[in-house]
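Here are the chains, one letter per residue:
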Amino acid sequence: MSYKIEIQNLSAWFGSKQVLQDITMKIKENVVTAIIGPSGCGKTTLIRCLNRMHELTPKTKVTGKVLLDGEDIYGENIDPVTVRRRIGMVFQKPNPFPMMSIYDNTAAGLKLNGITDKKRLDKIVEKSLRSAHLWDEVKLELGKSGASLSGGQQQRLCIARALAIEPEVILMDEPTSALDPTAAAKIEQLIRILAEDYTVVIVTHNMQQAARVSDFTAFLYLGKLVEYGSTKDIFENPKSELTEKYITGEFG
Amino acid sequence: MRSYSFRKLDNRIMISLAYAALIIALIPLASILIETVGRGLSAISFSLLFEEIPPLGQPGGGIGPAIQGTLIVVALASIMGIPIGVFSGIYLAEFRQSRLASVARFLNDVLTNVPSIVLGIFGWTLIVVVIGWSVIAGAIALAIMMIPIVTRTTEEAIKLVPITIREAAIALGVPQWKTTLTVVLGSAKKGIATGILLAVARISGETAPLLLTILGNRFWFSGFTQPTAALPLAIFNFSQSPFRTVDLPRAWGASLILIFIVLVINIIVRYATREKYG
Numbered sequence: 016m017s018y019k020i021e022i023q024n025l026s027a028w029f030g031s032k033q034v035l036q037d038i039t040m041k042i043k044e045n046v047v048t049a050i051i052g053p054s055g056c057g058k059t060t061l062i063r064c065l066n067r068m069h070e071l072t073p074k075t076k077v078t079g080k081v082l083l084d085g086e087d088i089y090g091e092n093i094d095p096v097t098v099r100r101r102i103g104m105v106f107q108k109p110n111p112f113p114m115m116s117i118y119d120n121t122a123a124g125l126k127l128n129g130i131t132d133k134k135r136l137d138k139i140v141e142k143s144l145r146s147a148h149l150w151d152e153v154k155l156e157l158g159k160s161g162a163s164l165s166g167g168q169q170q171r172l173c174i175a176r177a178l179a180i181e182p183e184v185i186l187m188d189e190p191t192s193a194l195d196p197t198a199a200a201k202i203e204q205l206i207r208i209l210a211e212d213y214t215v216v217i218v219t220h221n222m223q224q225a226a227r228v229s230d231f232t233a234f235l236y237l238g239k240l241v242e243y244g245s246t247k248d249i250f251e252n253p254k255s256e257l258t259e260k261y262i263t264g265e266f267g
Numbered sequence: 014m015r016s017y018s019f020r021k022l023d024n025r026i027m028i029s030l031a032y033a034a035l036i037i038a039l040i041p042l043a044s045i046l047i048e049t050v051g052r053g054l055s056a057i058s059f060s061l062l063f064e065e066i067p068p069l070g071q072p073g074g075g076i077g078p079a080i081q082g083t084l085i086v087v088a089l090a091s092i093m094g095i096p097i098g099v100f101s102g103i104y105l106a107e108f109r110q111s112r113l114a115s116v117a118r119f120l121n122d123v124l125t126n127v128p129s130i131v132l133g134i135f136g137w138t139l140i141v142v143v144i145g146w147s148v149i150a151g152a153i154a155l156a157i158m159m160i161p162i163v164t165r166t167t168e169e170a171i172k173l174v175p176i177t178i179r180e181a182a183i184a185l186g187v188p189q190w191k192t193t194l195t196v197v198l199g200s201a202k203k204g205i206a207t208g209i210l211l212a213v214a215r216i217s218g219e220t221a222p223l224l225l226t227i228l229g230n231r232f233w234f235s236g237f238t239q240p241t242a243a244l245p246l247a248i249f250n251f252s253q254s255p256f257r258t259v260d261l262p263r264a265w266g267a268s269l270i271l272i273f274i275v276l277v278i279n280i281i282v283r284y285a286t287r288e289k290y291g
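Chain order of the listed sequences is A and B. Just so we're aligned: 142 in this note's numbering is position 127 of the first sequence, and the numbers increase by one with no gaps anywhere. Just so we're aligned: 64 in this note's numbering is position 51 of the second sequence, and the numbers increase by one with no gaps anywhere.
The reader is advised that the hints may include incorrect statements.
Straight-line Cα separation of at most 16 Å, EDC-like style, residue types lysine to aspartate or glutamate; simulated pairs [stated by the list, open to error]: (1) A:Lys108 to A:Asp94; (2) B:Lys191 to B:Glu107; (3) A:Lys108 to B:Glu180; (4) A:Lys239 to A:Glu251; (5) A:Lys108 to A:Asp195; (6) A:Lys260 to A:Asp248; (7) A:Lys74 to B:Glu107; (8) B:Lys191 to A:Asp94; (9) A:Lys201 to A:Glu189.
In short, the hints are calculated from the structure, not lab data.
Extracted from the complex, chain A is given alone in its bound form (with noise of 0.2 Å):
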């Protein structure tokens, strides 16, 4: 198995305050990787460097290096915005754009970037629809709003909306916690069948969901990597005296 992103020596600062400390860990390609933590630790901040939106926010800094495939994605030549094409993203509230349909919302970034072809969007939204578990709940109502939809299924339509421009690799920010647990169930399932296409990243502030999906975990405290492995082993034998506190409930 190789190692489709490599973070090394990673540090971000929002101002003057430093929320990622020196991290560097090396991400598998195919498998999920949870973050942990608790609130405030950076977790966010560091799926945020992956795609490049972290600089989004006024005043920040990133330094050190995130190699996909090996080349890195700050490098002086990159632009932000190819990066965003192979590294897709889902956040932590549902956000469907709301004056669009299903449709376009799915087809949204291939809209925006100028494809047209109708047969060749009416395939790739069946495709992405599909590959996000909602086909069969939408496809008879393809031009509703997609703000109608419940909050698990927007969830979902913004998966596929992620799955349709084809990235290599899907972040997701919490994508289960504005949702109930039958929705976050589902989106839960589908991780792990995205997982056999894509790399996939996600934060979450439930242990019970990083150990039910992922392959591997990292822990990370006050902007620092604690620990990093696979999950099996952080949540059965953490070497970190923190990590163990952490998972057993101790604070947080």
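Starting from the structure of chain A, add chain B where the hints point.
Coordinates of chain B only, in the frame set by chain A:
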């Protein structure tokens, strides 16, 4: 703690006061509408709408050139003012922390409050003195009046678009400028349309700047560098006429048409920017 009946009484009094305030606010509004429709409707006829403006006191004729003039001047002002206003608003919203933005925002607020007669003088010295009383001078004066209104409402409407929507598009690999022009403007279009409407309605009724720029005459449009008629000027002239029986009904008719034009523009813009999914 006061008793229940006391609090209930309090509540009733406050509600009655609120209703009273509402009714007081509606009285002038309703009476303007009733009066204008009542007096204006009887003055409206085919010849009023389509014939040339007669000299004061002379029966017959209409206010055709004034309707035409208003439509042309307002349209021309909108063509100039709306794009500048919308793009300035986008700039202020997108680069809200830049120094230029805060200076521009301040100047814009000042410009909003500049009395319209001052804009008239401005148009007069800048253009009229050079090329004479003209449609173009009037349109520029009105455009300058529109810009701050459109800029401010566009900025506010864009600021209301949730950052999550913007991030969703950027995370799809859509360049930032395209995100702003498609997803962000798409979500803000209702607010922006409201601003444009406010601005168009405001300039449609302006008299002072037009008086100093397009002059107002009795004839049909004869070129952008020529003076023209306009409804607010026609209303002003007819209402000041010593021949009340002949000219006052025309003033009311022109007023009704002006209100009607603003209403129609309102409906068109609302329809064009309606949300697909309410």
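Right, here's what the structure says about each hint:
| no. | hint | verdict |
| --- | --- | --- |
| 1 | A:Lys108 to A:Asp94 | violated, 27 Å |
| 2 | B:Lys191 to B:Glu107 | holds, 13 Å |
| 3 | A:Lys108 to B:Glu180 | holds, 12 Å |
| 4 | A:Lys239 to A:Glu251 | violated, 21 Å |
| 5 | A:Lys108 to A:Asp195 | holds, 12 Å |
| 6 | A:Lys260 to A:Asp248 | holds, 15 Å |
| 7 | A:Lys74 to B:Glu107 | holds, 15 Å |
| 8 | B:Lys191 to A:Asp94 | holds, 15 Å |
| 9 | A:Lys201 to A:Glu189 | holds, 14 Å |
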